[in-house]
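J.: With the hints as constraints, model all of the structure from the sequences given.
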Amino acid sequence: MRNRLLAVVLLIAPAWGMQPWHNQILAERQHLKYGGAPVTRELRDRIGQGLAIALLAGFRGVAADFIWLRGQGFWEQRQWFKQSECIESAVKLQPQSIFFWDVGAWHMTWNIAYAESTAPDIATRAEGIRRERLWHDRGREFLERGLQNIPNRFDLYYKLGWVYYQKLAADCGGEPACQQARYRKAAEYFLTATTYRDAPDYLGRDAARCLEKAGDVAAAYQLYCKLWQENDPHRNAYARPIIQREIRRLENLLDIPVAARLFPMKPVAP
Amino acid sequence: MTDHVGFSVRRVWLIAGNTFTESLRQKVYNILLIFALVVIASASFFAQFTFGEDIAQTASYELKSIKDTCFGALSVIGMLIAVVGTAMLLPNELENRTIYTILAKPVRRVEFLLGKYCGTVLLTLVSVVLMTLMFGAELVFKETRLVADARAESARQAIPTDAQQLAQQIAKIHAAAFDPDIVKAVLLIFVKLCLLAAITLLVSTFSTSMVFNVAVTLLVFFAGHMVGIARDAWQGHALLTYLLGVLPDLGLFNVADDIILGNVIPWAHVGKVVAYGGIYLSCVVGAAQLIFATREI
Chain A
-10 MRNRLLAVVL LIAPAWGMQP WHNQILAERQ HLKYGGAPVT RELRDRIGQG LAIALLAGFR
50 GVAADFIWLR GQGFWEQRQW FKQSECIESA VKLQPQSIFF WDVGAWHMTW NIAYAESTAP
110 DIATRAEGIR RERLWHDRGR EFLERGLQNI PNRFDLYYKL GWVYYQKLAA DCGGEPACQQ
170 ARYRKAAEYF LTATTYRDAP DYLGRDAARC LEKAGDVAAA YQLYCKLWQE NDPHRNAYAR
230 PIIQREIRRL ENLLDIPVAA RLFPMKPVAP
Chain B
112 MTDHVGFSVR RVWLIAGNTF TESLRQKVYN ILLIFALVVI ASASFFAQFT FGEDIAQTAS
172 YELKSIKDTC FGALSVIGML IAVVGTAMLL PNELENRTIY TILAKPVRRV EFLLGKYCGT
232 VLLTLVSVVL MTLMFGAELV FKETRLVADA RAESARQAIP TDAQQLAQQI AKIHAAAFDP
292 DIVKAVLLIF VKLCLLAAIT LLVSTFSTSM VFNVAVTLLV FFAGHMVGIA RDAWQGHALL
352 TYLLGVLPDL GLFNVADDII LGNVIPWAHV GKVVAYGGIY LSCVVGAAQL IFATREI
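Chains as they are written, first to last, in our numbering: chain A, -10 to 259; chain B, 112 to 408.
Worth double-checking, as some hints may not be accurate.
Sample of chain B residues facing chain A (criterion: CB under 10 Å; computed from the structure) [unchecked claim]:
{"id": "1", "residue": "Tyr172"}
{"id": "2", "residue": "Gly183"}
{"id": "3", "residue": "Gly339"}
{"id": "4", "residue": "Ile340"}
{"id": "5", "residue": "Gly356"}
{"id": "6", "residue": "Leu358"}
{"id": "7", "residue": "Asp368"}
{"id": "8", "residue": "Ala386"}
{"id": "9", "residue": "Tyr391"}
{"id": "10", "residue": "Gln400"}
{"id": "11", "residue": "Thr405"}
Because the hints were derived from the structure by calculation, they are not lab data. The beta-carbon is built from N, C-alpha and C at its ideal position, and this holds for glycine as well.
T.: Spelled out as structure tokens, the structure:
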């Protein structure tokens, strides 16, 4: 009897002694952003009982992959709302996955938006455009949420910049102020992305292109000059002729005096 | 008589070695291990993502899927091996009456129990190592294929990819395939399996049914993963939160997802979780010994 009591004490002891340590580990996990959303009733209803059990057994990654693949099935069946539900569930399970945010936004902004704009049930072209813009906005909002979860990588800044550049600027309906503001926003996101060490070098050129489209040709020129100076000929040799070409073009466009030009000579035809 | 015999580590290792050899001969163990190896080896068939922006991005998504599947297999089949292996120990000894022969010799009960437990831990370790090796081979196989695909894709394009760009892509594929942090995830999974084996051992000290041992441990397994949720739900209820501490928070050992997604897991954090598991494990094995010491055999 004494041994059994001692055994019970030994099992309960950690409950008391380990609490501060446990709390410290949990605080660390929260600080380092480990894990995903907790398994709530809402999440269980969303993903189904079977996957909820998998989740509780610690298979968050497998469950998220499974839901994602289910979403791909809905994509093939053109069931956009079901697909976007799956995308939402996947990012809820693994909010640190760049893949789910990136490809999820791509589906919304490119695939679903286009399919909705050309859906057979739309009565007018205006209705198609309205639906398309709605999905562009959903994609943007989705990526912004992604950035709140993964602010320490270049990927989603780049993707959001790309959405502004390729889609949202075109949604302004030809209104120059709106378009310029959106190109400027795109440039800001590209520039933020370039501050990360592993960002591809073409993001700087994308930013310069957006600045030019935003009407700030001088800023675009300055950026190209900066890119030229920072370009490592041994690492990114292929980019040098592109930057040189753009600098020459902008020098002509801005009518910069020959003495002040980075490339005063006209390029020799090959 | 055994009360007068001093504790011997050698006897513990002898029993552990014997338990390990016996377990290796079990059909259940071999079937589970083969199943695990087959699942891990076929993980690349589940990874069929083809819409990355470039081949390096597609590769990282495919590798993520492979790692998810492999860690899942490592965790769940490892758990079955550890739990089923431990659940059979004492009931089999009692059923075959071999326990009487052993305990009649100058072997203390604590040595017997620790030997049995260490044997299972050794078995779990061998299983985890084998599964990890297969996992590594799978990653090497996939990485080789992805690099070959990247080269072929580059050559196929109208304007072939610049050699530097191709080298960057290959470096990205390599980095995505071989993340040294995988070791941390495997280590924590192993500690979790040892903890589950200890819980099974504790249950088997007062139960004679193997099925009961496995069922109770599975319940603890699920409950242990829900500790985090329960803590959130019972915030403000000091007594309930206190009682919840009896269950180990198994969710703490799941860092594989975060490692796959590229989060940095510091060794200090891993060390804390290992120590957390170690303390629980010691308490559970201690309680098992206290119960087993006075058990009528």
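J.: Report holds or violated for the interface hint on Ala386 of chain B, using the least CB-CB distance to chain A and a cut-off of 10 Å.
T.: holds (8 Å)
J.: Do the numbers back the hint for Gly183 of chain B, that is, is its least Cβ distance to chain A under 10 Å?
T.: holds (4 Å)
J.: Would you settle whether the hint for Asp368 of chain B is holds or violated, based on the nearest Cβ-Cβ distance to chain A being less than 10 Å?
T.: holds (5 Å)
J.: Does the CB of Leu358 of chain B sit less than 10 Å away from some CB of chain A?
T.: holds (9 Å)
J.: Against chain A, is Gln400 of chain B within 10 Å by beta-carbon distance?
T.: Nearest chain A Cβ about 8 Å off; hint holds.
J.: Quick one, is the Gly356 of chain B hint okay against chain A at 10 Å, beta carbons?
T.: With a closest approach of 3 Å, the Gly356 of chain B hint holds.
J.: Holds or violated: Tyr391 of chain B as interface residue toward chain A, Cβ cutoff 10 Å?
T.: holds (6 Å)
J.: Does Thr405 of chain B hold up as a contact with chain A if the rule is Cβ-Cβ below 10 Å?
T.: At about 5 Å, which falls below the 10 Å cut-off, the nearest Cβ of chain A leaves the hint on Thr405 of chain B intact, so it holds.
J.: Does the closest beta carbon of chain A sit nearer than 10 Å to the beta carbon of Ile340 of chain B?
T.: holds (5 Å)
J.: For the hint on Gly339 of chain B, just tell me whether its beta-carbon gets within less than 10 Å of chain A.
T.: holds (7 Å)
J.: How about Tyr172 of chain B: closest beta carbon in chain A under 10 Å, or not?
T.: Hint holds; Tyr172 of chain B Cβ to chain A Cβ min 5 Å, cut 10 Å.
Violated hints for the displayed structure: none, as all numbered hints are satisfied.
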